[in-house]
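Peer 1: Please work from the sequences and hints to get the whole structure.
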Amino acid sequence: MSEPLIELRNITFTYPGAPQPVFRDFNFQLPPGEHLGLMGPNGCGKTTLLHLIMGLLRPQAGSIYIFGQEVKREKDFIEVRRKVGLLFQHADDQLFCPTVLEDVAFGPLNQGKTPAEAMAIARKTMARLGLTGFDDRVTYKLSGGEKKLVSLATVLAMEPQLLLLDEPTAGLDEKTKDRLIHILQHLEIAYMIVSHEHVFLNHTVKECCHVHGHCCQPVET
Amino acid sequence: MSYIQEPFSEGNSLAHRLDPRGKIVVAALFAVLVAASKSYAATAAGLALALFCLALARLPWRKVAARLLMVNSFIFFLWVVLPLTYPGEAVWRLGPLTATRQGLLFTGLITLKSNAIIIGLIALIATVPVVTLGQSMHHLRLPEKLCHLLLFTYRYLYVFEQEFHRLVQAMKIRGFRPRTNLHTYRSYAYLAAMLLVRSYDRADRVYQAMLCRGFHGRFYSLRTFAWQRRDWIFLGLSLPALAVVLYLEWHRPTLW
Numbered sequence: 001m002s003e004p005l006i007e008l009r010n011i012t013f014t015y016p017g018a019p020q021p022v023f024r025d026f027n028f029q030l031p032p033g034e035h036l037g038l039m040g041p042n043g044c045g046k047t048t049l050l051h052l053i054m055g056l057l058r059p060q061a062g063s064i065y066i067f068g069q070e071v072k073r074e075k076d077f078i079e080v081r082r083k084v085g086l087l088f089q090h091a092d093d094q095l096f097c098p099t100v101l102e103d104v105a106f107g108p109l110n111q112g113k114t115p116a117e118a119m120a121i122a123r124k125t126m127a128r129l130g131l132t133g134f135d136d137r138v139t140y141k142l143s144g145g146e147k148k149l150v151s152l153a154t155v156l157a158m159e160p161q162l163l164l165l166d167e168p169t170a171g172l173d174e175k176t177k178d179r180l181i182h183i184l185q186h187l188e189i190a191y192m193i194v195s196h197e198h199v200f201l202n203h204t205v206k207e208c209c210h211v212h213g214h215c216c217q218p219v220e221t
Numbered sequence: 001m002s003y004i005q006e007p008f009s010e011g012n013s014l015a016h017r018l019d020p021r022g023k024i025v026v027a028a029l030f031a032v033l034v035a036a037s038k039s040y041a042a043t044a045a046g047l048a049l050a051l052f053c054l055a056l057a058r059l060p061w062r063k064v065a066a067r068l069l070m071v072n073s074f075i076f077f078l079w080v081v082l083p084l085t086y087p088g089e090a091v092w093r094l095g096p097l098t099a100t101r102q103g104l105l106f107t108g109l110i111t112l113k114s115n116a117i118i119i120g121l122i123a124l125i126a127t128v129p130v131v132t133l134g135q136s137m138h139h140l141r142l143p144e145k146l147c148h149l150l151l152f153t154y155r156y157l158y159v160f161e162q163e164f165h166r167l168v169q170a171m172k173i174r175g176f177r178p179r180t181n182l183h184t185y186r187s188y189a190y191l192a193a194m195l196l197v198r199s200y201d202r203a204d205r206v207y208q209a210m211l212c213r214g215f216h217g218r219f220y221s222l223r224t225f226a227w228q229r230r231d232w233i234f235l236g237l238s239l240p241a242l243a244v245v246l247y248l249e250w251h252r253p254t255l256w
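Chains as they are written, first to last, in my numbering: chain A, 1 to 221; chain B, 1 to 256.
Keep in mind the hints are simulated off the structure, nothing from the lab. Keep in mind that the hints are not guaranteed to be accurate.
Said to hold, decoys possible - Below, computed lysine-lysine pairings styled on DSSO-like, alpha-carbon distance capped at 30 Å:
#1 A:K141 - A:K175
#2 A:K177 - A:K206
#3 B:K145 - A:K113
#4 A:K141 - B:K63
#5 B:K38 - A:K141
These numbers come from a predicted model, not from an experiment.
Peer 2: This is the structure:
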């Protein structure tokens, strides 16, 4: 069997000041090419799981392997963030540059691309998501749906090998949801979606699981 | 729609089309020169220059007047205080109060200076969208931290504003009406505190999102500016004009 993209072994994580740990001896694996849906009630640790993978939170115990490599320190996670993209729940948290083009080009520039290359990648990504002509639009004046698609463009512009999406459909209308479904169905990389929407997950993932304190339990869909 | 607007940045006049870098340099020199001048002649020349630029920018005069009124309402307080407290030769008395000639001249000079600088900045800087301003500062090799501070402050003004309106609406729909009582003060204190906490949290999340996209403390600017012939002409005319102001300040022809 090939190596899992992500593997969490015996992770324990408690938020500072919280009485209960979110995860205790938590184990999780994501096989390559997998399209997985994560479900569960509010506060069960879905977002926490994504943040642990990206190194935004550090577990108190256990180990994390990403693409077969153990990641521990900030330096390791910098490498992870080049390969794994995270779409935040609120687009407002993700977009911070004045204009759309700059925001989409921000990641590629950080990866060391020249401004010309970064702009070309940004334009290509935007075209793929149907955002052609958005270059000079001001990010904080976009509509909710547009913000979400632009955020997705900012993540995809980094050409990740794995995409993590945190409640991507929250607050979107049907039309934008359909666009999102279409985009995800045509992605060639593995992804993991946190969502409460069964219909959306039915269209985008093959398997779903429930996040619990110890493990993720597969759900029948 | 947001209440924060940049009414002067939209337009297609000559002042709008000039390269922002040239405008920043000229505006900075102008502001320093006028602020440091001690003579009426130099300040008046500065005001004339500023008015000339303002005419070039063809801005809606009502909005310009409204902004000037705002600035001058602060200056009004100087007129109330300064002539009465500045030492010098008395020209007017009312009971224990004495207005001095030097005080009046000094206040007049301050009024003239402030208006000249504000008008100059409205004509040259306010005609650049804040975002472009930050980018051109970057191109002028001003400290990176300064440019980012400007861009982020501007960006987050909108976030604060949105959070603020959301909170105010939440208060309103539950029947909150500001009155002069402890409940009102306490509610406003909660509002301010909540705004602070929420903004702090948001800043944290934005930083996390930036880390996820490979941020390592450096920003790259995509914007390129095209310096054109009209910018050389603008610079070629402004610098001698500023030199005239400097000359007037140096020789100080006495008007009074």
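Peer 1: Hints first: check each against the structure and report whether it holds.
Peer 2: Right, here's what the structure says about each hint:
Pair hint A:K141 plus A:K175 holds up; C-alpha atoms about 20 Å apart against a cutoff of 30 Å. Simply put, A:K177 and A:K206 have alpha-carbon atoms about 18 Å apart, close enough for the 30 Å limit, and the pair holds. About 22 Å separates the Cα atoms of B:K145 and A:K113, which keeps this hinted pair within 30 Å; it holds. In summary, the hint linking A:K141 to B:K63 is supported, as the alpha carbons are separated by about 23 Å, within the 30 Å threshold.
Between B:K38 and A:K141 the alpha-carbon distance is near 45 Å, which puts this suggested pair outside the 30 Å criterion.
Of the numbered hints listed earlier, the single one contradicted by the structure is hint 5.
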